[in-house]
Amino acid sequence: MHAVELSQVTKRFGHNIIAVDNIDLVVAAGSFVTLLGPSGCGKTTTLRMIAGLETPSAGEIRIKDQRINDVPIHKRNLGIVFQNYALFPHKTIAANVGFGLKYRNVAPDEIGRRVARALDMVRLPGVEERYPTQLSGGQQQRIALARALVIEPDVLLLDEPLSALDANLREEMRVEIKNIQRRVGIATVFVTHDQGEALAMSDHVVVMNKGRIEQAGAPREVYEHPHSAFVASFLGNANFITGQVRSAADGHAQVALGAHVLNATTERRLQAGESVTVVVRAEKIDLLPPGQGGLPGTVADVDYLGALARYQITLEDGTRLLSLASLKDKPLAVGQLVELRIDPQHCRIL
Amino acid sequence: MNRQNARAYALLSPALGSLALFLVAPVLFIAVYSFWIRTAEGLDIPAFQFGNWIAVATDYYYWLGLWGSFKLALVTTMACAAVGYPTAYFLARIRFSNKALLLFLLFLPFWISYIIRTMAWISVLGRTGAVNTALISLGIIDEPLKMLYNDFSVIMGLVYFLLPYMIINVYVSLDGIDRNLEASARTLGCSAWQTFREVTLPLSLPGLGAGCMLCFVLAAGSYVTPRLLGGPDTLFFPDLIYEAIISQLDWPTGAVLSVILLLSLGLLVGVYNRFMSLSDIYRSFAR
Chain A
1 MHAVELSQVT KRFGHNIIAV DNIDLVVAAG SFVTLLGPSG CGKTTTLRMI AGLETPSAGE
61 IRIKDQRIND VPIHKRNLGI VFQNYALFPH KTIAANVGFG LKYRNVAPDE IGRRVARALD
121 MVRLPGVEER YPTQLSGGQQ QRIALARALV IEPDVLLLDE PLSALDANLR EEMRVEIKNI
181 QRRVGIATVF VTHDQGEALA MSDHVVVMNK GRIEQAGAPR EVYEHPHSAF VASFLGNANF
241 ITGQVRSAAD GHAQVALGAH VLNATTERRL QAGESVTVVV RAEKIDLLPP GQGGLPGTVA
301 DVDYLGALAR YQITLEDGTR LLSLASLKDK PLAVGQLVEL RIDPQHCRIL
Chain B
1 MNRQNARAYA LLSPALGSLA LFLVAPVLFI AVYSFWIRTA EGLDIPAFQF GNWIAVATDY
61 YYWLGLWGSF KLALVTTMAC AAVGYPTAYF LARIRFSNKA LLLFLLFLPF WISYIIRTMA
121 WISVLGRTGA VNTALISLGI IDEPLKMLYN DFSVIMGLVY FLLPYMIINV YVSLDGIDRN
181 LEASARTLGC SAWQTFREVT LPLSLPGLGA GCMLCFVLAA GSYVTPRLLG GPDTLFFPDL
241 IYEAIISQLD WPTGAVLSVI LLLSLGLLVG VYNRFMSLSD IYRSFAR
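Keeping their order, the protein sequence lines are chains A and B.
If you're matching positions, the first sequence starts at 1 in our numbering and goes up one per residue.
If you're matching positions, the second sequence starts at 1 in our numbering and goes up one per residue.
Don't take each hint at face value.
Claimed, not checked - Computed cross-link-like contacts, EDC-like style, restricted to lysine to aspartate or glutamate with a CA-CA straight-line distance of at most 20 Å: (1) LYS91(A) with ASP233(B); (2) LYS64(A) with ASP21(A); (3) LYS91(A) with GLU182(B); (4) LYS75(A) with GLU182(B); (5) LYS146(B) with ASP233(B); (6) LYS102(A) with GLU182(B).
Keep in mind that the hints were calculated from the coordinates and are not lab data.
Turn these sequences into a full structure, and let the hints steer you where they fit.
Written out as structure tokens, the structure reads:
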């Protein structure tokens, strides 16, 4: 039984805006699924359709094998957390967290007990009598999480819950949310445009673009085996190198870049002479001293990032590549000649 | 006073000066006048005594007039709230590309003279007015209804005049409510109506309160509408002030009545501010 299942779901706004275009999505019980993409890719609309805040134009949404297209929002038993916390400003923390229980006809003293337990879970015990604005942003987001989880929902929906927090807090909350999710074991749909969050938190990443699903899979699979230029560039720092296929066999290919050759892997059948694009992650490029038979280049620019250095490398044909290298020593200097070595399995032909 | 404050006061001085000259000073004159003695010959003699105040306070008729105005204002305010809130809700919630146009239409009647707009009600509500003619020709009634020159027509005219003030106040506070609050309430188990009761209504109360306050004060102090649309039985306080000052030339009594109206409405605003300041804080939270 899947926690959530979307079949051929489409959402149109007006006549010509297609926000979500015929997508299929499965959220396994207890799993953490992230919808990742740039703004306007349809990820939030998808979440809102699961919540019932938008009605699908076509397709079917099932929660725990029940078709819920026509079930009104308040009967769906979902927990949702918004970017801006959306705590009721005119109610105390206790009333906020206990709100869903009140509408589930739980007895008042039982509500009090469960609210206290939920506040313990988000490590904010004893704030029952305060008002939301008396808490910090991070604390408010914990309360929002407690409010969503205390009703023991079938699915937890998180709509960019970390985006309003500052960097340090975001890191902390990310770990916190993931821990709580794992402990409670609740199926979670998380919407974000932050690839770091997506990779760190998810069991399953769904990359969306222009209302469609570009690629879905485990974080590492999506990161290391991007199916499209969009996925490659949206996740991490990708380089795109164009060249001609010299020879290809058994998923391996030699790609000619001017006078030099790049060994790459592919899932496609390629013809010699075909023009292809090779994707290389910036951190997969090793920079070596010249004279070892690699791809020659020149350091054009250096960004010193502390633990890392980010290099712009110019190849002989003028192609610019981005390289990320961890720093054990001082960084390379601008103008220095280098050779690039890239493991063939990290050179993927799209 | 630092330079910046001095500059602020300099920029404000025309406004502050004209307020002092044209509002505060005349009101003070009126207040002083209320203590003067009016002789039997009709002369006003400067003095400081409470004769006029005691005469007014012990005259049942004046209190009846004050009650009459407050009653009109109360009914008008309730009618404005009842009609204005749904309208404002509609304006705030409608998905329409040109909301500014709708708000502009709301204030379009202000382009026409207030007197003319009030007089227009005579041809709507009169014996041979639009409403009676329509009802008779449809066969719903045989005799024209008596709708003009009574409290009904006064309230009608006041509601018509004050409704935009109510709508705009409620609209602003509804428009400021984060829609995710309503979405949260819905996902937590509230029906649409329960969401309105738990979230939307409480968070829009400051706007509703401000609208009610404005409508009440303007209605209680209004003179033209009850004068044009009211009947002989319509008892309203500003008319008593007019009578005292213009008809009887009794300025000290008129001054006492004016100060009473000012103080009672001022008291109301003061109580409101005390009472609603908490909700105003909620209002700013709602953003």
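A quick look at each hint next to the structure:
1. Between LYS91(A) and ASP233(B) the CA atoms are separated by roughly 48 Å; this puts the pair beyond 20 Å, and the hint is violated.
2. Distance hint between LYS64(A) and ASP21(A) is unfulfilled; the C-alpha atoms sit about 23 Å from each other, more than 20 Å.
3. A hinted pair counts as satisfied when its Cα atoms are at most 20 Å apart, and LYS91(A) with GLU182(B) qualifies at roughly 14 Å.
4. For the hint linking LYS75(A) to GLU182(B), the alpha-carbon distance of about 15 Å falls within 20 Å, and the restraint holds.
5. Under the criterion of a C-alpha separation no larger than 20 Å, the hint pairing LYS146(B) with ASP233(B) is consistent with the structure, at around 14 Å.
6. In summary, the hint linking LYS102(A) to GLU182(B) is supported, as the alpha carbons are separated by about 16 Å, within the 20 Å threshold.
Consistency with the previously given hints fails for numbers 1 and 2, ordered from lowest to highest.
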